[in-house]
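Quick mapping for you: the protein sequence lines, in order, are chains S, D and Z. Numbering-wise (our numbering), the first sequence opens with residue 1 and increments by one. Numbering-wise (our numbering), the second sequence opens with residue 1 and increments by one. Numbering-wise (our numbering), the third sequence opens with residue 1 and increments by one.
Honestly, the hints are just simulated from the structure, not real lab data. Even for Gly, the Cβ is constructed at its ideal location relative to N, Cα and C. Some hints could be false.
[As the list claims (entries may be wrong)] With beta-carbon atoms standing in for the labels, derived distance ranges:
1) S:Y466 <-> Z:E143: 54 to 60 Å
2) S:A298 <-> D:G73: 44 to 50 Å
3) Z:E79 <-> S:Y466: 46 to 52 Å
4) S:G343 <-> D:I74: 50 to 56 Å
5) D:G73 <-> Z:S207: 20 to 26 Å
6) S:E433 <-> Z:R201: 42 to 48 Å
7) D:I53 <-> S:L337: 30 to 36 Å
8) D:G73 <-> S:Y162: 42 to 48 Å
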Amino acid sequence: MAQALTHSDPHIGDRPRPAKNYLNATTGIWSWMTTVDHKRIGVMYLVAVSSAFFVGGMFALLVRLTLLTPSHKLFGKVLIDADTYNRVFTLHGAIMVFLFIIPSVPGSLANFVLPLMLGAKDVAFPRLNLASFYLWCTGAILAVTSMIVGAVDTGWTFYTPYSTTTQSSVGLMTMAVFILGFSSIFTGLNFIATVHKLRAPGMGWFDMPLFVWGTYATAIIQVLATPVLGITMVLLALERVFNIGIFDPKIGGDPVLFQHFFWFYSHPAVYIMIVPGMAIISEIIPTFSRKTIFGYKAIAYSSVALALLGFLVWGHHMFVAGQSELATVVFSALTFLVAIPSGVKLFNWLATMYKGNISLETPMLYGISFILLFAIGGLTGIFLGALSTDIHLTDTYFVVAHFHYVMMGGTVIAFIGGVHYWWPKITGRMYSEKWGRIGCSLVFIGFNMTFLTQFFLGSKGMPRRYYNYLEQYQPLHAFSTFGSWVLGMGLFITAAYLLASLRKPMDAPDNPWGGTTMEWLTSSPPIEHNFEEQPVLEHEPYDYRPRVKKHA
Amino acid sequence: MSEHTQNPKAEAAVYLKTLIALLVLTGITVGASYIHFGSGAANVVVALTIATIKATLVALFFMHLLHDKPVNGIIAVAGFIFLGLFLMFTLLDFDTRENPLPRNLPGVVTPPPPAATTPAPAPEHH
Amino acid sequence: MSTSTVDLQHDPHGHGDDGHGHDDPHHQHHFTTMEQQFDTSKIGMWLFLATEVLLFGGLFVGFGMMQARFPEQFKEAHEHLQRPLGALNTVVLLVSSWTMVMGVLSARTNQRKKLVIYLIITILCACIFLGVKYFEYSHKFEEGLLPGHYYTHHGDKIATVNGANGYATFFSFYFMMTGLHGIHILVGIALLAWIAVRGNRGEFNSSYYTPVDLVGLYWHLVDLIWIYLFPLYYLIS
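Using the sequences and the hints, build the whole thing.
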């Protein structure tokens, strides 16, 4: 048998740090702009999506600030008028969904970690990987341009007939979304091919880390759902230019048809958002419980089940839109079904922690936060999936709170946790654990202050996307706005200490957390070709039994 | 490579036979379009069935799916299955609406309103 | 140490100590063997084709829904499309699919001249297809059978009410779907020409013909889409 690289390798841990790693192997901006190294592309994506998160977050703070009082005044002057408010919340949504959340984990963390976890040297199609990144950049430029020349005010969902007739720059934004869609498709395509063909010797499908399973399931959705978004944008643009007569009721079209087209992608899209987040949690929980994951196959299958079932429920966004009653009932029943795989995962993570040797470093704090916040978000989704309650809760702040719990309390929390978890691997440095805990606490408290309040706002009848509101809602709105400041502060602190860590020398160990997956076999940061020798899998995933360190 | 190149002549013969079959099916489908199979829907079913047979021949023989690794065939079929799901559920909505068409569309016959159960209020006298 | 150690940093191709000189220049460093590379490329291409099925499929769904909304107008609008021309285009594309797969076979059996000839015929067929389409489009323009609010045709049986014009919608879809298909044909011609040039230079042989195979798959998809477009637009009335 070849003397291959494994966790039992006696050199792991006291190996000298290689002089050249992926960050300094080649220098100069041109080497970064033309790189096909998945690690560099992952880093570029990380910077890109974090910038988008910042811009989208600024818009969010502005929304909350406007809603602080019903008069929308700050220091005696009206902050923004109603038309501008429409644009601000639309841009918050569109940027967060298309420029941040959907590309975030696949583009940055999965890009970096997936080949390493598989023991591969790169993804299947490295040049396509770079093309995906440049498509993101192009979409971002178009989106920013559309913001400047007459920002979209339709809501991120572009519902017709308003979107076909409004004067705001829907055309540019639909073009941006179309291009961003292809960025996502190519990333998914790349990952599917990589998982099928580039696994290390000895790694069968059920030996792969669960992060890989989650990324694979996400990639299936990216490939199958996103083209429909593409054609929806084309149809919307053509309707605006030519009046083709498909979505506008004034010329015989059906606006609900637009919603079918839009949600056929956008519901699976929310699984593109959450499944990678869950995949990160499936890595963090066993590592920081020092215990093998409970129900590996169940979690793996549930990732794929979410991907597939997620295609069957899109009508639950259209219960009151004019859809037929039969379709409504069918979609509601299927929505209950799609909750099951998420539940399976939640219980399996808890079972993993039970009687584990738990340590509460920052990634684990985010992991536990995820479990709590996603549980709330997921359960409130059930209230919305039940028809009798949805009639009252739809288009209220209850919906806004629900999706922020799953998208932010879920995916963003998991994303930040994953960034911390793999920070030493990516940058070669450890962040400050003290500031990590402070940041996480502020984020957790601020998030709940902002959004738990909105469940109450919604159930009391406050509609979403409304500029004006009745006096009686003001205390809850104000509390939510204060929460947004705490949340913003927590996020700023997190960014600050992470960036500050980059000024320290590169002294992170290869495997600071004692993880069992293959990315911890290489140096922190990895060398350009990932591994000095081809790693061969020698143990089951998440096997935390102590291994022989030195030969007798 | 993974594909057999042992007998190119036999392969070429398969391709030619496939082409002939495709051309024949094209002739059949054009011919069938001149026959009225009862309802308009039946004509659609016939035409799309023949189209699917042609598509299957192209996929299996010209695109080599018959002798290829199964994963490629699964990917191809998956695309069509999910498209089918999209079509099916959207049709489920459209076909089961009680009042599907706006009243002002040309050629739309609206059902008469249900008979009123309460007497209409007496008209005002000016 | 063990001589069977695979040292990827100094021997990126993983062939052992003599990693240079015997390698296929097309072999990318992150694949262990050319076969692995070829199989992966195939999977990638099929995934891309699946996305195309869903992209065009969306248009088919939209067409279907609008047909349900304007059944009489769509039926009448169909009559403006000339069946013989549609059938001719179908035959042309089927033949081009055959010449394409024969081209792939030629590449696989080291027959450079035949490869180039088959590719050229495929391109010619594509041009014939586009020529017929140009002829059809001109006819539509003359008759005013144009998409959306550019529709100016007179003599339709059902009058437009409040801007709802089923005929205009039919032709919107006609131009959208045949137009998108035509764009794919143009891209296909460019790809075929690129492969023909490379083939003429002798770049393809029995151990490396991946680009020919992949372009072939793309071309067959273009044919597949037309196989469904043809009956839907030309044969159903």
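Structure-based check of all given hints:
Checked against the given bound of 54 to 60 Å, the beta carbons of S:Y466 and Z:E143, roughly 49 Å apart, lie outside it. Range check, S:A298 to D:G73: about 28 Å between beta-carbon atoms, so the 44 to 50 Å window is missed. Checked against the hint of 46 to 52 Å, the pair Z:E79 and S:Y466 passes, with Cβ atoms roughly 50 Å apart. At roughly 28 Å, the beta-carbon separation of S:G343 and D:I74 lies outside the given 50 to 56 Å, and the hint is violated.
D:G73 and Z:S207 have their C-beta atoms about 25 Å apart, which keeps the hinted 20 to 26 Å range intact. In this structure the hint that S:E433 and Z:R201 lie 42 to 48 Å apart at CB is violated, the actual value being about 60 Å. For the hinted restraint 30 to 36 Å between D:I53 and S:L337, the CB-CB distance of approximately 35 Å keeps it satisfied. In this structure the supplied range 42 to 48 Å holds for D:G73 paired with S:Y162, their Cβ-Cβ distance being about 43 Å.
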